[in-house]
Structure formats: C-alpha cells, structure tokens
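Asker: If you read the protein sequences in the order shown, they are chains A and B. Under this note's numbering, the first residue of the first sequence carries the number 1, and numbering increases by one thereafter. Under this note's numbering, the first residue of the second sequence carries the number 1, and numbering increases by one thereafter.
Honestly, I wouldn't trust all of these hints.
As the list claims (entries may be wrong) - Okay, derived cross-link-like pairs now, EDC-like style, lysine to aspartate or glutamate, Cα gap no bigger than 16 angstroms in a straight line:
#	chain 1	residue 1	chain 2	residue 2
1	A	K39	B	E183
2	A	K24	B	D49
3	B	K73	B	D8
4	A	K18	B	E177
5	B	K175	A	E43
6	A	K8	B	D52
7	A	K18	B	E148
8	B	K174	A	D31
9	B	K166	B	D153
10	A	K13	B	E183
For the record, the hints were derived by calculation from the structure and aren't laboratory data.
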Amino acid sequence: MNPREEIKDLAPKLSEWKHSEGFKVPVDYFDNLSVSVMKHMQETEKLEPYFQSLPDQVINKIKREEKVKVMSIRSYFKYSIAAVILISVGTMMWSSLLEESTTLNYSMIEGSEDYNYIVEELSMEDIFDSEFIDDESLDEIFASEEGQYSADESSEDLLFDVDDELLEEFL
Amino acid sequence: MDKVQYSDDHIVQQCMDKSTREKGFRQLMSKYQERLYWHIRRMVKTHEDTDDVLQNTFVKVYRNLDKYRSDAKLYTWLYRIATNESLNHFRKIERNKSVSLDDENSNIYTIKSDNYFDGNQAQVMLASAIDTLPEKQKIVFNLRYYDEMPYKDMSEVLSTSVGALKASYHLAAKKIENIITNES
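Produce the entire structure from the sequences given, and follow the hints as far as they go.
Answerer: Shown next, in the form of structure tokens:
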C-alpha cells in the first residue's frame, strides 16, 4: 500500500498535516558537507594510524634493541677472545723469542771462534777485565759444560782446588 | 548548477576500485547526504548533533566500503549505518548526562533551543508526540511517515521482519493520532 494512503487509513487527522518539520539547515551546508567530511576523515586518520601502527612500532623497537644487545654481547665476547688470543700469542712469541735469542747468543758464542778463544786462551783476569764481554755472557760461560765456573756456585766451591798458600799469596 | 546523479551501481563500482574510491565516495555523498541528514535530524533533532552524526556516518561508510555487499541496496546500507550512529549518539548522551530519552520535555526543550528550528505549534506538537514513542517504534514511524520507505527496505535497515514493522508502524500511527486529537 502507498504510504500516504496507508496513513489516511491509520491516522486520518495526522494525514492532513504537512510533512514539513520546521527544521532548517545553514546556508550552503550541503554544498560544503563533502569538504567537511573529508577534512574530518583526514583529522581522524591522523590519530588512528598512530594507534594502529603502535604495536608494530613497539615490536620493531624491541627487535632493534634485542639486536643491538646481542651485537654488543657478541662484540664484547669477540673482542675479549681476540684480546686473549693476541695476549697468548704475544706471550708465546715473546717467550719463544727470548728463549731463541738466549739460545742464539749462546750458540753464537759456543760455536764461534770467539767462544773457544774466550774459554781456552783468555785467562780469568782477561775475561773479567774485558769490557767487551757483558755479565750475561759471563754467566753463560760459567754455566758451560765444564761447570766449574758456574755463577751459582759459592766462592768456597769455586776455590776448592786452589791451594791455600797460593790463595794467601794472591790475597 | 544541477548536480549529476550517478546510479548506485556506478557509485559502488567507483568505490570498490581504490584508484577511484574517493571520487566515487564524493558521488555517494552528493547523492545521499540530504536524505541521510534528514533521517538523522529527525532522531537527534539539533543541527549540530546531526552534523556530527552525519559526518561520523560518512566516515564509517568510507572505511567500510570493502564490506558492502551488492546484494543489499546501497541506500538501505547507508540508512542502517546512519541509524546505528544516531543510536550510538543517544547512548553517549545518556552516559554523559544521565537524561532519559523518554523524557519528552528534554527533547522538546532541545528543539526549541535549536537555532535551526522555526517550526509552528503543530510541528512542535507532532515532534513531542513522536518523542513519546519507544526508540525503535520512533525510527519505524519516521522511516515510513517521512521517508515513505517501503517495508521491505525498512526490513533491511532494521533487520526486522516486514510483518513486525507493519505492526509497529500501525501502533505508532494510532498513538500519535490519539495525542494530536486530544491536544488540538
């Protein structure tokens, strides 16, 4: 049934009334409505994406921080291990170099003509007076296989085969 | 200058394509803004509140265009959103002011204080009579009496059977008839 005929049947008095309600709208309201709606939408969109994207932002931040932490821990371990290795290698090299240099000095002296000359030809006085032989070399000479002039031996031991008379005479 | 009225199919097609969505949405607004405005205005009464609700309605429409199904009429879908937004508006007012919607004096006072109302005594009387109706009956009455909407379409808007809507409208019309007969 047509709505106007329907209301005549249902409410005859009401059907005689005009359908106008007495409401007005501002001038040009509908002309500007689409602009207002689009503006309203942009304003709300400015706010809403923040909350929409917030969980992702937080998760990304957490991931970034975890990565930095892992990196820093890894770097710390890496550098520590590198330092330990360097120190170890350095120490080992230093020790071996020291050992090698001692051995080299000794072997140079031992194998050379100088060594034989020092041991066989020079007297004790010559050896002690020589300004060309340093203390370390002297120690090595004393520590040589004869062992009789070892630097660690006490003076008593050194003079065990010296005649007392000769010693008094020397003193 | 006369505005071009596009068919619903054309508007929907434009709105479904992301590249033409805004253009289609402007066409949709241009076609339906006045109908929706008056539908909302009859419920919320003041122009300012109507403007708020209408803008919120269109924002919701724009954001839910993907959810629109072409098996429903475009305008019933729009009316449905507008009706829901109007009801949400009432609920907000209720929460904020603790004012009963059934208190006719509060609504009549609102109408009279609205700068955009210059109705005569008869119009104020009719508005007050409509305000005595329960919320849903009021919406049914407005849709049928003012918008002259077919029951089938009202059924889509309000998710209620045609029979129930007819019964509701008949009851509402009789009540209002009694009020205006007694008061005039």
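Asker: For every hint, state whether the structure bears it out.
Answerer: Right, here's what the structure says about each hint:
1. A:K39 - B:E183: Between K39 (chain A) and E183 (chain B) the Cα gap is close to 46 angstroms, so the pair fails against 16 angstroms, i.e. violated.
2. A:K24 - B:D49: Distance ~13 angstroms between K24 (chain A) and D49 (chain B) Cα, so the pair holds.
3. B:K73 - B:D8: Measuring from Cα to Cα gives roughly 8 angstroms; hence the hint holds.
4. A:K18 - B:E177: 14 angstroms, holds
5. B:K175 - A:E43: With a Cα-Cα distance of about 44 angstroms, the restraint between K175 (chain B) and E43 (chain A) is violated, given a limit of 16 angstroms.
6. A:K8 - B:D52: Judged against 16 angstroms, a Cα distance of about 35 angstroms means the pair is violated.
7. A:K18 - B:E148: This hinted pair holds, its Cα atoms lying about 14 angstroms apart.
8. B:K174 - A:D31: Measuring from Cα to Cα gives roughly 38 angstroms; hence the hint is violated.
9. B:K166 - B:D153: 12 angstroms, holds
10. A:K13 - B:E183: Since the Cα atoms of K13 (chain A) and E183 (chain B) sit roughly 12 angstroms apart, the hinted pair holds (cutoff 16 angstroms).
Hints 1, 5, 6 and 8 from the list above are not met by this structure, while the remaining hints are.
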